[in-house]
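Guided by the hints, dock chains B and C onto chain A, whose structure is given.
Next come the chains, spelled out residue by residue.
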Amino acid sequence: MPTLWLVVSLLVLSAAGFVFGRQRAMSSAEGNAKELHSLPSYYGHNVAFTTLLPALGALAIWLLVQPMFIESRISQLIPEELAPDRQTLGLVMSDVGRVAEGLDVAIAKGALSADEAKSLRTELTDVRARLGEVGVALGADVRPEVLEAAQQYRVMSKTGNVLMAVFVAVLALGGFSWSYMQTHKDFRARNVVEKGILSLLILAASLAILTTIGIVLSMFFETINFFKLHNAADFFFGRTWAPNFRGDSELSILPLLWGTLYVSVIALLVAVPVGLFAAVYLSEYANNTVRAFAKPLLEILAGIPTIVYGLFALLTVGPLLVGTFGKGGFLGVEWMAGATSVLTAGVVMGIMLIPFVSSLSDDIINAVPQAMRDGSLGLGATRSETIRQVVLPAALPGIVGAILLAASRAIGETMIVVMGAGAIAKFSGNPLDSMTTITTRIVSQLTGDTDFASPETLVAFALGLSLFVLTLGLNVLALYIVRKYREQYE
Amino acid sequence: MNDMQFTDRAVDQKETKIAAHGVNVHYGEAHAIKDVNVEIEDKTVTAFIGPSGCGKSTFLRCLNRMNDTIDICNVTGNILLDGEDIYDKRVDPVQLRAKVGMVFQKPNPFPKTIYDNVAYGPRIHGLAKNKADMDEIVEKALRRGAIWDEVKDRLDKPGTGLSGGQQQRLCIARAVATEPEVLLMDEPCSALDPIATAQVEELIDELRTQYSVVIVTHSMQQAARVSQKTAFFHLGTLVEFGHTGQIFTNPEDPRTESYITGRIG
Amino acid sequence: MSDTSKTSLLALTPRTKQRNAAEKRFRAYGIAAIAVGLMMLMVLVTNIFSRGTGAFQQTFMTVNVELLESKLDKKGNRDLDDIKKVTTFGYNPLIRDAVVAKVEELGIQTDLKAKDLGGILSRNAVGQLREFVIANPDRIGETIEFRFLAQSRVDGYLKGRVHRASIGNDKSISPEQLDLVDQLVDAGVIVKTFNIDFITGADASDQRPEAAGIGVAMLGSLSMMFVVLGLALPIGVAASIYLEEFAPKNRLTDIIEVNISNLAAVPSIVFGILGLAVFINYLHLPTSAPLVGGLVLTLMTLPTIIISTRAALKAVPPSIRDAALGVGASKMQAVFHHVLPLAAPGILTGTIIGLAQALGETAPLLLIGMVGFIASNAPETLADGLLAPNSAMPAQIYEWAKRADPAFYERAWGGIIILLVFLVSMNTLAVILRRRFERRW
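Residue numbers (this note's numbering), protein chains in the order written: chain A, 1 to 490; chain B, 491 to 755; chain C, 756 to 1196.
These are calculated hints, taken from the structure and not from any lab test.
Mixed in with the good hints, there may be bad ones.
Distance condition first, Cα-Cα at most 16 Å in a straight line; then the derived EDC-like pairs of lysine to aspartate or glutamate [said to hold, decoys possible]:
| id | chain 1 | residue 1 | chain 2 | residue 2 |
| --- | --- | --- | --- | --- |
| 1 | B | 596 | A | 374 |
| 2 | C | 1086 | A | 194 |
| 3 | C | 868 | C | 931 |
| 4 | A | 195 | C | 1000 |
| 5 | B | 602 | B | 646 |
| 6 | C | 779 | A | 284 |
Partner residues aside, some chain C positions facing chain B, computed with beta carbon under 7 Å [stated by the list, open to error]:
| id | residue |
| --- | --- |
| 7 | 764 |
| 8 | 770 |
| 9 | 771 |
Since the structure is predicted, the reported quantities are computational estimates derived from the model, not experimental observations.
Glycine included, every Cβ here is placed at the ideal spot set by N, Cα and C.
The shape of chain A in the complex, shown without the other chains:
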């Protein structure tokens, strides 16, 4: 919370800056606003921004860098024999974090005084029990090195926070006084303020790039860690997905990829014919009334959250399929064991993708020039002949692009497969079998009790990165095809 107070005081100071800056400008012009180079409020804004922005920026960077810095310093405190490799070091470091947090809680609750926390010794006190009293559960007894590191950690964080507050305050006050001194009727306040705003705009625009970098880096480093612990060949070329806690997990992406692609193919088998025919009908046959009515209704399907489709798969479509193909079912066969299956997830995902395919195809079909249709109709072709033999071939590249976009959607979809596809990783051709997908495994490996030093958890990042690369590739390809297609008719 001290950070919050720091931000609040920065805001207050900056508001004061606005008032004082404006006043000073006005008094330098002897109360006559016409004498000023810029409007009076620009002088206020100048002071306010110069006070606030550098300080806020410094604060943000400090908050980002400090944990990294402290972490690396603390990890040097851990003796080698306690953490021979990176994996155990990670475990020890998370212990340190937990103990430090526990000490904080204990002080906050008054179970320990600040001095007691500093002087705590494992030889004298059962730290685990003391922390347990205040509700901080530790997995094992605290080792002296860990406790020392945790205490050191607290000290460093505290010093860091104080230093940060001082630094930010100095920066803010410096900015305040510097810009306040600068304020004079001939000072070009507007130009300065506008430059400041422009740099803020640029900052906002580059956030998109930062996000992408963040996505790639956050997965990249953990993926490298994963490959240090687990054989890359097994990940890419193995045949089995079988995580366990004995340390000999088989973690291959291939069975998951198979499940993912199988579900996606079924989804596309549902969505593409229906979506494409719907688009053809809406753009080539339907009159305005039908279009105005059917198009928005179909698009509702695209606005429904995926959790709804997931529930629909789990509780409606799945049981329905079991009631047909399952034991004691409608067909009297016993092909399906449980409600989750490739078919369940695929069909429901197909429904979700119908409007996606149809509205993309609709746009693309409409981009085919009317002259093509006229040429064909003028030769005595029927409408369907025109559509099948002229319009659709002409629109084919665009439609392929649309289908690729839909495929990328299907591959990255999570909730429907989490709830509808099942959890068994295998290569099977039977659509009524329960199978699992990349996204499903990412969710299951990263939820619940996770240990970020074990390959079973880290594999999720490798899976995420593979998923990202796969969908990104499809998207880039699809957007390229669609853009080429559009240029052709422009």
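Frame of chain A, contents of chains B and C only:
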């Protein structure tokens, strides 16, 4: 007017191919064609001229029911092709359009090969018995379209790769491939350069020997050069219809004269 | 001339008939496709409503509880600390006795033991009673009328979910208890009525589906939406203004543009991984906190907002900018004083649609721990609302769908109805805004 030349053509009476009586066209509220009567002869080039928006293209599109594709368009009156009402309920526009072909303002070859462009019509109408038959039809059509020599070596290349004038002649070849009796041309040269225009005009004159050709043009010189009969449209009405030579040299209606001398248009 | 010239136009050739039949078939495929799409929508909607409306009703039983001093306050000094020492366990007999008394009062003959009689009430009843006593210690000793939740099997029986035939192995309910329930319903003691607690209440443990509500998760969603609105709108608008109005056409801006359109298509789960790795593992923000959820959803919504804002800015004609520049405004003034206000309705519409998307998003929330957590208390302060662990509506629905007891499914569907009500209102608002302020230049 001096640079206009009238080819001395036989203007003897030929049999009527299309007869339109009391044709009215409405686009929603707008009255686009007002009570037009006209008789179009076989083996003749008939030109429709008039200022833009006068309804000449609209009327042309009535002749093969291309207006059917526009929802709000409503055609009344009757148009007879060889004595049969083409707006009769029993008439299928698809069959009609096989008899009354159309060439459009902008060359619109399909994004297919040159061969497939020409073979498209015969294929949908089932005119060829086998591949050899189709090859023959395509060659004949391309020869009639006066483009065979230019494309015979690249029949499998896309039609969109040709020049504008070649594309338009390809479209004409495509239209004649279905063996129509009437050929409608909606400003076929407006998107072409002068040389390509001259080639197409020459082609139109040749086509006259086998088809009844109706051409919409906003170029009076072109009408004078290629047509035997000319119809002048103004504000949706047919003002004057007669032999081309007579319309251009001795118009009866003052509006026709104003247009020809360049006062309206 | 070929054969066609000989045929009359008035007679259809066999080939034309064939072709027209093909035309009709093709048309029918189109109609069928649309019908399939619309039917799916209908099935989905009817399914949601037929299975979800039950969640808005709940079965209650009215009994008179005697707050025995001997059980609740043995020392009789009304000391709150002493009263608090009585756990919910100590309240069980009171409730059991109350049900027994009610049954006797109505003169219903039953062979059931007192324990089974008490069993038709929810386990939630003891908690409810204890809370009341702690809030009103002075009323110990009185007999007070309470309306308690019936247990979920009784509720299911009244809603048609539980039948005598289906409870063979069910330890929670017996046919005799159902007989009793029938009689109590006839006596008007057990009633099924509208249940506001589902909308306002908190989630309950998986033993008490009848007490679970979505209210707290709704607050969680609300907090996240505030974060998204507060961050994504200004950042998105600023980025769009730069890209649309100021950015020079160069490689860097090209990269940014391609980047944004690709970000819009990145699977949402990937944003969840980003959130987990950066906000939780690196920045040590609290797990399950709506603040983190909001940050992740902000990053996810940004591309949508940027794309629609840019479209809105593009729709403002250049003549407006020229006019402002012409009277001596700086470029910045022209944009902020003229272009931005004119584009505001479009920006707002895009933002609402982006928020609606974020509101329904589930996958990234799974990874930052907003699932598997029982949101049992409403946050008390603003900071709590952002930082204390909470769930969110779609995450809560997923949580219910995962539980074993089918009574929770009804709640999941009911939760979806509430979620959809929000989404429909947001989208309607967007449509109204667009209609109302749409300007054609």
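Hints versus structure:
A C-alpha spacing of about 11 Å is found between residue 596 of chain B and residue 374 of chain A, which places the hinted pair at or below 16 Å, so the restraint holds. Pair hint residue 1086 of chain C plus residue 194 of chain A holds up; C-alpha atoms about 9 Å apart against a cutoff of 16 Å. This hinted pair checks out: residue 868 of chain C and residue 931 of chain C have alpha carbons roughly 11 Å apart, not beyond 16 Å. Note on residue 195 of chain A and residue 1000 of chain C: the hinted pairing holds, with a Cα-Cα distance of about 14 Å set against a maximum of 16 Å.
At roughly 9 Å between alpha-carbon atoms, residue 602 of chain B and residue 646 of chain B fall within 16 Å of each other, so this suggested pair holds. Restraint check: the Cα-Cα separation between residue 779 of chain C and residue 284 of chain A comes to about 14 Å, which is no more than 16 Å; the hinted pair holds. Contact between residue 764 of chain C and chain B, as hinted, is supported at the beta carbon level, the nearest pair being about 5 Å apart and thus within 7 Å. The criterion of a C-beta within 7 Å of any C-beta in chain B is met by residue 770 of chain C, whose closest approach is roughly 5 Å, and the hint holds.
With a least beta-carbon distance of about 5 Å to chain B, the hint placing residue 771 of chain C at the interface is held under the 7 Å criterion.
The structure is consistent with each of the numbered hints, conforming to all of them.
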